[in-house]
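The hints should help you fit chain B onto chain A, whose structure is shown.
Read off the chains here:
Protein chains: 2
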Amino acid sequence: MKVALAQVNPTVGEIEGNAARVLDHIEQARSAGAQLIVFPELVVFGYPPKDLVLRKDLVRKNVAAVERIASKCTPITAVVGYIQPDPSGEGKGNFNAAAVCADGVIQATYAKMLLPTYDVFDETRYFNAGTEVQTFLLATGKDQVCAGLTICEDLWNDRQFEGRRVYGIDPVERNVAAGADLLINLSASPYRAGVQQEREPLFAAQIRARGVTLVYVNQVGGNDDLIFDGASLVLGAKGEVLARAKAFAEDLVIVDLAKPRGARVETYPDRVGSIREALVLGMRDYIRKCGFEKVVIGLSGGIDSAVTAALAVEAVGPERVQGVAMPSRFSSSHSVEDARQLAEDLGIDFMIVPIEGVHRAMEEAVTPHFPVATRDTFTTTEENIQARIRGNILMALSNKLGLLLVTTGNKSELAVGYCTLYGDMCGGLAVLSDVPKTVVYELARHINESAGYPRIPQRTIAKVPSAELRENQTDQDTLPPYDILDAILERYVEREQAVDDIVGEGFDRKIVEQVARMVDRSEYKRKQAPVGLKVTSRAFGTGRRMPIAARHR
Amino acid sequence: MKVALAQVNPTVGEIEGNAARVLDHIEQARSAGAQLIVFPELVVFGYPPKDLVLRKDLVRKNVAAVERIASKCTPITAVVGYIQPDPSGEGKGNFNAAAVCADGVIQATYAKMLLPTYDVFDETRYFNAGTEVQTFLLATGKDQVCAGLTICEDLWNDRQFEGRRVYGIDPVERNVAAGADLLINLSASPYRAGVQQEREPLFAAQIRARGVTLVYVNQVGGNDDLIFDGASLVLGAKGEVLARAKAFAEDLVIVDLAKPRGARVETYPDRVGSIREALVLGMRDYIRKCGFEKVVIGLSGGIDSAVTAALAVEAVGPERVQGVAMPSRFSSSHSVEDARQLAEDLGIDFMIVPIEGVHRAMEEAVTPHFPVATRDTFTTTEENIQARIRGNILMALSNKLGLLLVTTGNKSELAVGYCTLYGDMCGGLAVLSDVPKTVVYELARHINESAGYPRIPQRTIAKVPSAELRENQTDQDTLPPYDILDAILERYVEREQAVDDIVGEGFDRKIVEQVARMVDRSEYKRKQAPVGLKVTSRAFGTGRRMPIAARHR
Chain A
339 MKVALAQVNP
349 TVGEIEGNAA
359 RVLDHIEQAR
369 SAGAQLIVFP
379 ELVVFGYPPK
389 DLVLRKDLVR
399 KNVAAVERIA
409 SKCTPITAVV
419 GYIQPDPSGE
429 GKGNFNAAAV
439 CADGVIQATY
449 AKMLLPTYDV
459 FDETRYFNAG
469 TEVQTFLLAT
479 GKDQVCAGLT
489 ICEDLWNDRQ
499 FEGRRVYGID
509 PVERNVAAGA
519 DLLINLSASP
529 YRAGVQQERE
539 PLFAAQIRAR
549 GVTLVYVNQV
559 GGNDDLIFDG
569 ASLVLGAKGE
579 VLARAKAFAE
589 DLVIVDLAKP
599 RGARVETYPD
609 RVGSIREALV
619 LGMRDYIRKC
629 GFEKVVIGLS
639 GGIDSAVTAA
649 LAVEAVGPER
659 VQGVAMPSRF
669 SSSHSVEDAR
679 QLAEDLGIDF
689 MIVPIEGVHR
699 AMEEAVTPHF
709 PVATRDTFTT
719 TEENIQARIR
729 GNILMALSNK
739 LGLLLVTTGN
749 KSELAVGYCT
759 LYGDMCGGLA
769 VLSDVPKTVV
779 YELARHINES
789 AGYPRIPQRT
799 IAKVPSAELR
809 ENQTDQDTLP
819 PYDILDAILE
829 RYVEREQAVD
839 DIVGEGFDRK
849 IVEQVARMVD
859 RSEYKRKQAP
869 VGLKVTSRAF
879 GTGRRMPIAA
889 RHR
Chain B
339 MKVALAQVNP
349 TVGEIEGNAA
359 RVLDHIEQAR
369 SAGAQLIVFP
379 ELVVFGYPPK
389 DLVLRKDLVR
399 KNVAAVERIA
409 SKCTPITAVV
419 GYIQPDPSGE
429 GKGNFNAAAV
439 CADGVIQATY
449 AKMLLPTYDV
459 FDETRYFNAG
469 TEVQTFLLAT
479 GKDQVCAGLT
489 ICEDLWNDRQ
499 FEGRRVYGID
509 PVERNVAAGA
519 DLLINLSASP
529 YRAGVQQERE
539 PLFAAQIRAR
549 GVTLVYVNQV
559 GGNDDLIFDG
569 ASLVLGAKGE
579 VLARAKAFAE
589 DLVIVDLAKP
599 RGARVETYPD
609 RVGSIREALV
619 LGMRDYIRKC
629 GFEKVVIGLS
639 GGIDSAVTAA
649 LAVEAVGPER
659 VQGVAMPSRF
669 SSSHSVEDAR
679 QLAEDLGIDF
689 MIVPIEGVHR
699 AMEEAVTPHF
709 PVATRDTFTT
719 TEENIQARIR
729 GNILMALSNK
739 LGLLLVTTGN
749 KSELAVGYCT
759 LYGDMCGGLA
769 VLSDVPKTVV
779 YELARHINES
789 AGYPRIPQRT
799 IAKVPSAELR
809 ENQTDQDTLP
819 PYDILDAILE
829 RYVEREQAVD
839 DIVGEGFDRK
849 IVEQVARMVD
859 RSEYKRKQAP
869 VGLKVTSRAF
879 GTGRRMPIAA
889 RHR
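Note that the protein sequences, when read in sequence, are chains A and B.
Plus 338 on top of the position in the first sequence (first one is 1) and you've got this note's numbering.
Plus 338 on top of the position in the second sequence (first one is 1) and you've got this note's numbering.
In case anyone wonders, no lab produced these hints; they're calculated from the structure.
Because the structure is a prediction, the values reported are computed rather than measured.
Keep in mind that the hints are not guaranteed to be accurate.
When chains are identical, the list treats them as one kind, so a pair holds in a single copy or across two.
[Unchecked claim] Listed below are the simulated DSS-like cross-link pairs for lysine-lysine, each with C-alpha atoms no more than 27 Å apart in a straight line:
(1) Lys-340 x Lys-576
(2) Lys-394 x Lys-863
(3) Lys-848 x Lys-394
(4) Lys-480 x Lys-597
(5) Lys-399 x Lys-848
(6) Lys-394 x Lys-865
(7) Lys-430 x Lys-399
(8) Lys-480 x Lys-801
(9) Lys-576 x Lys-597
Only chain A is shown next, with the shape it has when bound in the complex (with noise of 0.2 Å):
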């Protein structure tokens, strides 16, 4: 039997464009041969849908989709995500389901049971668990095989969460007790580095167990933060890998499992070589799923312009790119130079928009209004007022030339608030908020070795980070070394340590409290930060949900 992993790329919402993906895919696996055709989860909505699931109108359109996708299944199956309204009609609610579509219409349905409420997920906002497995017979030759299926996290049911609620039911054991050979997951599984080093053991313990086939779709894309890295799978019995599909690409994969061997491998990237391929598919898709043509990047002779910039010409082109260097009276000579550098290197657009005029009219207008004792000192306010500027610059050439304003904030930065809000932090997408500046440096290095050149230019990584807001400033002159900031960060952030743990594995007490006090006084910027790509276990935004009100130290 011949089966085709459909792993597409659709936009949230975006019923009819998706459901045509779809019908597309199916009719070039029923030429392939195909008997069968497997679709991520929520394919025809497009995941994560959000509030979007509470408008009624657009779940109506949805189940059509679905209807009309059926009546042109014949003769292959395809099994398609998409959200189940209350089948008893009562409308208590919706489902995240897979439609088993065969002979024209909808056989089976299947409802997941497992819904994942914890980081990004929310889907006991949206959806109600699902009770009953759902199996469904393939006429292969003279035999048949029985494919139960499952959605996303359905699959994960074993995992541990540390402190939090685990699930208490095994939809696996359950398809294998009803009688499967064959495991489908549907899937919309976001991108983290590591993931995929989890998912396949994971998975193929799952199934080495019970001795059946798994059949893995997961949706390819950037939507929002989220960036799905697709790498959908076929694994035997065994747990071995028969068929891996491209990562961060959209693909169609057709493995015969009566005859594995011949199928496509593809070889997912390394962990610095995902997180670069993860960031270019989801700043291209952010770019294009809001409709935008080109970007527009403040380059500050820095690594992190740089690095975002080089990523920005990966994802769109260089033609598609303006570099801005904006110039004060605290910029060292280098700082343009090296921006001007970089935009060669990339063959981007370069203008120079000095700040000078109006960093004067600025401090003519407010400084009036200081206390007479505080208006020779230099202070964060007259940092800020700089930084702020060049927002008010970067968003006017948005704004006047329609281009999206791609922000360039690591994420070590935003950790601690070593950013200014309505400055650097303007823009409609981060692209780094979720890499820490360690991880910068290691991008920064890995665009130049793939490239064979200096393509990032070598001063602007070897230089001392500087937000040049002030005479002679260095990022060290507030922050501690970036090493020791991203280990605190981790342990803090990322893993939810407190401070006398992060202390007891040998960090310094008053660097680990200056740190956790910076993270906890900057909930309020990072409230009003763009989407940012996320490319961690724990990124700023959607998965960490900080009250900013709050005192806890």
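Chain B in isolation, oriented as in the chain A frame:
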């Protein structure tokens, strides 16, 4: 038996401080001869605790605090809301629990059964659902009372959600079956206009059928976007109100259940009055709990900033409010006059910071980078530049003087994106972001009527609304009349109605489509909006989660 309703105002995460407040109320109740004292849901941690629940050190601290509280409970019984870690010790999650503290120890605990996951609530993200009722006996003279415990949503179990999950579990029924004749409910039930008219009949219906007495204790105070209105209750077995605590203020009400006639029954304010008090409390608590002393507000001479400033004065007093007018070349002569008049009426500090110098400097800086053909065209780009200069000025004052910048935009504007990101949207708290423009007018009249004089200048109320960002501009150049706009927004945003359904109610299709398009296109702005005080059933913010890079029209 005397019961004390301890309607306190905790700060999220401030466990020591909250526990001290609990102990203080226990002491007061004991002195007054109360046998039982009831506190709100999660009073020790503060509600909503959000992702601080994931911090094990804080959960441990909250358990220790309850044990300390229990050690002081004699001869009084206290029912205290807290986070209870999995009692099995296996670390499989936490419960939203109530501890019955008596004779110096925690004698029993109850775990909330119904965990809300709609609107602003994410309780399955944080808690396991309880499965068992918990009653306890209280000796009263020669008789005894059997008290049953419920927490917030447990009492809302018969609520119908259109298109959403219903619970299928009735904790009230189960308490009655277990012999309860007194029903206790610990709540953290957020305010929204009309909620009180919904609560009391619902509670009455719950207990009337069962012939039990209800003691309902609600949290009071603002925590970020949520405002808890208190108004704790004792309802008699026929559903009649025996006691009602103050709305929007801390309170301790003691009721003798044997002869409840003399108990205090406070009046709940009318609709506009309650919105006003909610905003004042929400603002006061946000300012206080964030540690600010003073606020700064940009005064345009228009109604939104006037109402915001008037409410700020009610919240923290005139000496702690700084008004700033920032006239431009497009400001009408009356705009500064009206702002000055308002500042005089309110008795607040007032300063004028003209933006013309900075405006000119910005034009000189950016215009040469615009395409030649567009340099003379006045578009939203040129409008936004002015708003962002004002944002920069206000933030400079905020930073230098340590003031919290409060934004003044209303819900109608924010809904359709008639506001400038990083401009008039700058600030730490959006006071009116859930108040439709038509209700802003109602608030202005309410303020003036209760003052007995035009505290908000009559001309500010009477003038045609204008952003004054170009020559002779009015809001209605761009937007439908506010009464029509607000009626459409209520249907599209609050009720999630489809465009066709709204048109079916008699609205003009072109206008409805225009409004829906503007709402959908402004998600990116709202993503970066400050915390806004919630006063309707559906505010922008945590209770409305929309994708940005989505297409559904």
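Results of checking the hints against the structure:
In this assembly of identical chains, Lys-340 and Lys-576 lie within 27 Å of each other by CA distance solely inside one copy; the values are 19 Å within and 68 Å between copies. Within a single copy, Lys-394 and Lys-863 get their C-alpha atoms only as close as 35 Å, which misses the 27 Å cut-off; across copies the closest is 25 Å, which meets it. For the identical chains of this complex, Lys-848 and Lys-394 are inter-copy neighbours only, at 21 Å across copies versus 54 Å inside a copy, given an alpha-carbon limit of 27 Å. Within a single copy, Lys-480 and Lys-597 get their C-alpha atoms as close as 16 Å, which meets the 27 Å cut-off; across copies the closest is 83 Å, which misses it.
Taking CA atoms no more than 27 Å apart as the test, Lys-399 paired with Lys-848 passes between copies only; the shortest distance there is 22 Å, against 57 Å inside one copy. In this assembly of identical chains, the alpha carbons of Lys-394 and Lys-865 lie at most 27 Å apart only when taken from different copies (23 Å versus 30 Å within one copy). For the homomeric pair Lys-430 and Lys-399, the shortest alpha-carbon distance inside one copy (18 Å) is at most 27 Å, but the shortest distance between copies (40 Å) is not. For the identical chains of this complex, Lys-480 and Lys-801 are neighbours neither inside a copy (69 Å) nor across copies (82 Å), given an alpha-carbon limit of 27 Å.
In the homo-oligomer, the alpha carbons of Lys-576 and Lys-597 lie at most 27 Å apart inside one protomer (15 Å), although the nearest pairing across protomers, at 74 Å, exceeds that limit.
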